[in-house]
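Protein chains in written order, with the working numbering: chain D, 1 to 271; chain A, 1001 to 1157.
Keep in mind the hints are simulated off the structure, nothing from the lab. Where hints are given, some of them may not hold.
Some chain A residues near chain D, calculated using beta-carbon distances under 10 Å [said to hold, decoys possible]:
(1) Phe1036
(2) Ala1040
(3) Tyr1051
(4) Arg1066
(5) Val1071
(6) Glu1073
(7) Arg1075
(8) Pro1094
(9) Val1111
(10) Ile1112
(11) Ala1140
(12) Leu1141
Footprint (simulated), chain D over chain A, 3 or more residues, beta carbon under 8 Å [stated by the list, open to error]:
(13) 1055–1065
(14) 1076–1086
(15) 1099–1110
(16) 1115–1126
Derived DEER-like restraints, expressed as beta-carbon distance ranges [unchecked claim]:
(17) Ala1124/A x Gly23/D: 36 to 46 Å
(18) Ser1146/A x Gly117/D: 34 to 44 Å
(19) Arg157/D x Ser1146/A: 35 to 45 Å
(20) Pro1035/A x Gly244/D: 44 to 54 Å
(21) Leu1120/A x Glu125/D: 20 to 30 Å
(22) Gly117/D x Leu1120/A: 14 to 24 Å
(23) Arg1095/A x Ser26/D: 17 to 27 Å
(24) Asp1138/A x Arg89/D: 14 to 24 Å
(25) Ser1130/A x Gly19/D: 12 to 22 Å
If you're wondering where the values come from, they're calculated on a predicted model, not measured in any experiment. Glycine included, every Cβ here is placed at the ideal spot set by N, Cα and C.
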Amino acid sequence: MQLRTDLTTRAEQVAYVAGALAGLYSGPATPSPIRGGRRAALRRLRAFDVRGYARTRNDVAKRGVSALSPYIRHGVLALSEVRDSILSRFGYTPDTEKFVNELAWRAFWQLVYAQLGDRIHHDLEPAKHRSRVPRRRLPPEVETATTGLTCIDESLRELYATGYMHNHARMWVAAYLQHWLGVDWREGADLFYRHLLDGDPASNSLSWQWVGSTFSHKPYIFNRQNVERFSNGEFCMRCPLAAGGCPFDDSYENLAQRLFGVSLAELEGRR
Amino acid sequence: MNGAVVWLHGDSLTPTDPALLANPAAPAVFVFDEPFLAAAQLSFKRLFFLYECALEAIAGREGSIRRGVVVDEVRAFAAEHQATEVHVTASVAPRFRQYVAELRNAGLQIVIHELPPFVLWRGAPPRRFSAFWRQVADQALRPTGSGPELPAEQDVE
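Working from the sequences, and respecting the hints, build out all of it.
Set out below in structure tokens:
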């Protein structure tokens, strides 16, 4: 079946594609505010100021990130083009070096995918430590972004509404699902893949395995202090569990014991 | 009967796709992979993003965006244009290799174009990114040009 390509406004295109691709998607037929296409990609690249990147990239409030990933994932911008553009405009600095280092993660995931193919969707190594919480399926409150944890719910709501989630928030959500809820990483990866505009089999599955320690030397965990520090305190300020009951409000030492039954040193492979 | 068409896929969906650039006058087709998408049930946002990318990729040439079985649609498109050659840009996805094999089995000549490399790498990658980065950092940080021409500042969102 051939799709129309003559519609000029985005609203017309959305209404048309919603019908033309019926059965091939789930959820509401609403587009992302992030536009597809090379023109939008170049506008984003032009607007991205890499200065301060090394300091602000992990901050979900300050958003020092480029937000170029949807374009890079679909080849709308080549990694080499992005690298060349940033280095030629901003020179060689700790910020540009960090940015290029992040671009290299994608190159790395692609090489692993080229090597292993669909094996990336299975545990690549034994987990170094497994959370002691009972295994469970993805709970419905994750799909509806109603876990009651503001940092998790707002990150999920952004994902569902826009198809984007900040990288640091992805790490929080992935760790929460695997280590606190006991959800298999494949279910979490599948949820992200369905929604992320930059959803890529390699980057997605391998990052979930990195968090779970089946493709890294230790499980990734975080705590409330980390969320507060990298969200300018905003999530916790709005969270009903801020005064008590936050599952992340603990030291890393205690979280290692609580979640994995080992010391932090053991969790990190230092003992 | 030796015309060429370009097959576009979601790993290189842009007017600067190397297969498109190598064939400036060739008709091009992008196919929404019906069996794959029916099973994957992605959000509409993802599919519409692809549609917008595809629209721009084919702008200014004879182009077609379709829904169906990829190999069948590419074969039909090539036949409509009396083409025996299909140009496409490489992808590491296993599904891509499978479709290329099926198109070759169907008697089409497949010409695979390569993306401009970010770093040159041969063979298996190491198990950890840190080891990879140690080996490629010098190359990765060496620009090969000044990047694409960017829109004027007033056009920025």
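Now for the hints, and whether the structure bears them out:
Nearest Cβ of chain D to the Cβ of Phe1036/A: about 9 Å, under the 10 Å cut. The hint holds. This hint holds: Ala1040/A has a C-beta 7 Å from the nearest C-beta of chain D, less than the 10 Å allowed. Of the supplied interface hints, the one on Tyr1051/A holds, with its beta-carbon coming within about 5 Å of a beta-carbon of chain D, less than 10 Å. For Arg1066/A, the interface hint holds, since its Cβ comes within 10 Å of a Cβ in chain D; the closest pair sits about 5 Å apart.
About 15 Å separates the beta-carbon of Val1071/A from the nearest beta-carbon of chain D, more than 10 Å, and the hint is not met. Checking Glu1073/A against chain D: minimum C-beta separation of about 9 Å stays under 10 Å; hint holds. With its C-beta approaching chain D no nearer than about 15 Å, Arg1075/A sits outside the 10 Å limit, and its interface hint is violated. For Pro1094/A, the interface hint holds, since its Cβ comes within 10 Å of a Cβ in chain D; the closest pair sits about 4 Å apart.
For Val1111/A, the shortest C-beta to C-beta distance to chain D is roughly 17 Å, which exceeds 10 Å, and the interface hint is violated. Annotation: Ile1112/A was flagged as interfacial toward chain D, and the flag is violated, the nearest CB pair being 14 Å apart, outside 10 Å. Interface hint at Ala1140/A: satisfied, since its Cβ lies 5 Å from the closest Cβ of chain D, which is below the 10 Å cut-off. Interface hint status for Leu1141/A: upheld, as the beta-carbon distance to the closest one in chain D is roughly 6 Å, under 10 Å.
Against chain D, the region 1055–1065 of chain A contributes 7 residues with a C-beta closer than 8 Å to a partner C-beta. That satisfies the three-residue criterion, and the hint holds. Judged by the Cβ-Cβ criterion of 8 Å, the region 1076–1086 of chain A is not covered by chain D as claimed, because only 0 of its residues qualify and three are needed. With a cut-off of 8 Å between beta carbons, the region 1099–1110 of chain A has 0 residues touching chain D; three or more are needed, and the interface restraint is violated. Given a C-beta distance limit of less than 8 Å, the hint that chain D covers the region 1115–1126 of chain A holds, as 8 residues qualify and 3 suffice.
Range check, Ala1124/A to Gly23/D: about 40 Å between beta-carbon atoms, so the 36 to 46 Å window is met. In this structure, Ser1146/A and Gly117/D meet the distance hint of 34 to 44 Å, their C-beta atoms being roughly 36 Å apart. A hinted range of 35 to 45 Å for the beta carbons of Arg157/D and Ser1146/A is consistent with their spacing of about 39 Å. Roughly 50 Å separates the CB atoms of Pro1035/A and Gly244/D, a value that falls within the hinted 44 to 54 Å.
Restraint check, Leu1120/A to Glu125/D: a C-beta distance of roughly 27 Å satisfies the suggested window 20 to 30 Å. The supplied range of 14 to 24 Å is met by Gly117/D and Leu1120/A, whose beta-carbon atoms lie about 22 Å from each other. The hinted window of 17 to 27 Å between Arg1095/A and Ser26/D holds, with their beta carbons roughly 20 Å apart. Asp1138/A and Arg89/D have their C-beta atoms about 21 Å apart, which keeps the hinted 14 to 24 Å range intact.
Evaluation of the 12 to 22 Å hint for Ser1130/A and Gly19/D yields a failure: the beta carbon distance comes to about 48 Å.
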